[in-house]
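Starting from the structure of chain R, add chains L, Y and Z where the hints point.
Chains as they are written, first to last, in our numbering: chain R, 852 to 1064; chain L, 852 to 1064; chain Y, 852 to 1064; chain Z, 852 to 1064.
Just so you know, the hints here were simulated from the structure itself, not pulled from any lab data. Note that the structure is a prediction, hence the values are computed from the model and not measured. Be aware that a few hints might be false.
The list cannot tell twin chains apart, which means a pair is met if one copy fits it or any two copies do.
Derived pair list, reagent style EDC-like, types lysine to aspartate or glutamate, alpha-carbon separation capped at 16 Å [what the hints assert, rightly or not]:
{"#": "1", "residue 1": "Lys883", "residue 2": "Glu904"}
{"#": "2", "residue 1": "Lys978", "residue 2": "Asp1007"}
{"#": "3", "residue 1": "Lys974", "residue 2": "Glu950"}
There are 4 protein chains.
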Amino acid sequence: MDSMRRLEEIFAHFPGIGPRQARRFAYYLIGKPQAFIKEFIQLIETVKKSAHECSSCHRLFITEVRLQHTDSGPRCNICTDTSRDCSVLMIVSRDSDLESIEKSGAYRGLYFVVGGTVPILDKEPEKRIRLKALLERVSQSPELKEVILSLSATADGEHTAAIIKEAIGKIAGDNLTNGKRLNVTVLGRGLSTGAELEYADGETIKSALKHRE
Amino acid sequence: MDSMRRLEEIFAHFPGIGPRQARRFAYYLIGKPQAFIKEFIQLIETVKKSAHECSSCHRLFITEVRLQHTDSGPRCNICTDTSRDCSVLMIVSRDSDLESIEKSGAYRGLYFVVGGTVPILDKEPEKRIRLKALLERVSQSPELKEVILSLSATADGEHTAAIIKEAIGKIAGDNLTNGKRLNVTVLGRGLSTGAELEYADGETIKSALKHRE
Amino acid sequence: MDSMRRLEEIFAHFPGIGPRQARRFAYYLIGKPQAFIKEFIQLIETVKKSAHECSSCHRLFITEVRLQHTDSGPRCNICTDTSRDCSVLMIVSRDSDLESIEKSGAYRGLYFVVGGTVPILDKEPEKRIRLKALLERVSQSPELKEVILSLSATADGEHTAAIIKEAIGKIAGDNLTNGKRLNVTVLGRGLSTGAELEYADGETIKSALKHRE
Amino acid sequence: MDSMRRLEEIFAHFPGIGPRQARRFAYYLIGKPQAFIKEFIQLIETVKKSAHECSSCHRLFITEVRLQHTDSGPRCNICTDTSRDCSVLMIVSRDSDLESIEKSGAYRGLYFVVGGTVPILDKEPEKRIRLKALLERVSQSPELKEVILSLSATADGEHTAAIIKEAIGKIAGDNLTNGKRLNVTVLGRGLSTGAELEYADGETIKSALKHRE
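Isolated chain R (complex conformation):
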């Protein structure tokens, strides 16, 4: 296949892009001046070179400083930020969720990115999410007091939360918590900003009422 078709094919695999828009992208690029192409390519190389998966929270992070690789591998700016509360671990599906939380400025603990959600009826959750790594992270962290399951309020999100909750429950009572109880919490339901009461479902209303202030 010629390069143009192949390039279109690659763009067609970008998230949310169909063949027609992929073709637009290809034409958009070749219509750009050489200098633009050069910068674009250099950026991709730079970003790729400076992208690392944090060995602790498993998010992708970008750092242009040279990392001294520890045995445990690179760690991101959040995981190495000693000002954050290491007694709370928030579990999210994806990097983009983590970023929404960070943008809110409402959370100062640490994170763990499980890397996806488990569809209902899926037989092999451990192929969908980093369950084993999560359990290790939890069992090796005696300082942990709370695990917050921050998953979407969707069917898959709730299913994933249930699976993680059960798995953590199993290892609870072990020496990890040496006596202390490990709290596993989930985000509160309520009216999302912009939500209209008329269209709110029963569970949302129940929680919104319960959490009135």
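Quick look at chains L, Y and Z alone, frame taken from chain R:
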């Protein structure tokens, strides 16, 4: 104007209906057998005859039993239900909101339908919502311990809530509460069922975190 | 079931209306003053009383004048308009299509409303459209020179056109056309107003090119 | 600004892409293996190197063969295809339009890509489209018998067509057409495939009727 155009015009004023669909409605009706038309008309008459605005919560309610009109006017099945908690008053914009709450089964207190919302910048809130009637209702209810503002989590909803809160605040401290403090609360924010974390705004995340359980 | 629910149920069968909007409609109506309800009901009765299916083109038409019923039944203002060209018969699916054509002012012939379209794979077209009545209309009209199939440019529309074309073809060559050939035509394809060339399919482009002017 | 933000910024300028999806793209890329990145970058370089603007029709075309540059610059495979009819010139806005036409297989003449459309009220059309180059192309082509304006059936498309038609009209009668009349045509209107008659506007119906067959 001929009857058909006039009928279309009326349908075009139905909530959410444009001229094209209004015309569809008119054709749909005249295409129906006489017996259907007869039932449709009788239903409208019956329902209209049996519809009353509750003198206490101001919702429209349907009752096919003959009402003995008290001086204060008809009262709906919720307001006359002695098993409900009359120390809590929930303020909603519209009947449809009230019904969502009832469907959730999460609330056992009483209601007050203010009849709308106040758009931001609107100069005359009292023309948009039943503010005067609400304040009377509140000031004449020494049994009241809490007023819950159940308005949509939208800009207008929050603006309306602020106006009501301020107005109630003004009359607080009066003999109404004879000593007791009147709590004015609002529904809690959080992740509405179906909401994806990635798209949640800061305020929603803050509340969802605060109300984790 | 009580009247309110039943009324909602009826509205929920209006074209394009779901249960939630049906409920809105019911509340909208009962919220209206008695005078409005009265007019609404009278309009429905008037319109229903003055609605007739034209015995010739089968469209629904409204007339408030008393019809002297001929043996053949009532005929609409278009079919009785002697200034129209009775040598051309346009076949449309629905009254709404006929009205679009009339609004365009581009056509001065007569119509025949077949009453629907025939889905592909449908085994019994005659249950979907007035095929028999159409063939009668055609075979009893020696003045006919052309039949225009004005069906939507959709799969069902084209399928319906093919069925009608074949059926008319069968009766062609009969005494109906006493020698003269009966033209069966279809609307031309091309760029609909508002269409973007980039998204036009091959057939549309072919016709648009062929019909360039 | 760091490389990641800058890369997101560039993606955010891709056609039809907003900041959120741009960020997704960036994460998608850095999540990919090094080999993928390498191929992606090489493809972009290859395609850019092999992309040329045709000096005759001004489309971008890709050729991996070495071009012997004539004084007049590179010419695309369509413009150099001697089997095509050089007496007809089709004017399109963009490469994507040209490709739709080619895919239809309905056209065997030559093209000229004006490079955009002229918004209504725009004062300087020559800054929006290659008007000067087009007029040169036309006046230097005595073999031309017809110019087909293939612009979208939108307000801007029609405005652009009007401007081009007028400009070509001005140079007509010159020695270019040495006696012969130069036909300027536009694509025919009608029902685009998939269009429903009920929603067709008057102009579309008029043309569809006129072009019935």
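Self-check item: Within, between, both or neither: Lys974, Glu950 at alpha-carbon 16 Å
Solution: neither (29 Å within a copy, 40 Å between copies)
Practice problem: Tell me, please, which holds for Lys883 and Glu904 at an alpha-carbon limit of 16 Å: within, between, both or neither? | Solution: between (32 Å within a copy, 12 Å between copies)
Quiz item: Between Lys978 and Asp1007, at a C-alpha cutoff of 16 Å, which is it: within one copy, between copies, both, or neither?
Solution: within (15 Å within a copy, 45 Å between copies)
Hint violations for this structure: number 3 only, all remaining hints satisfied.
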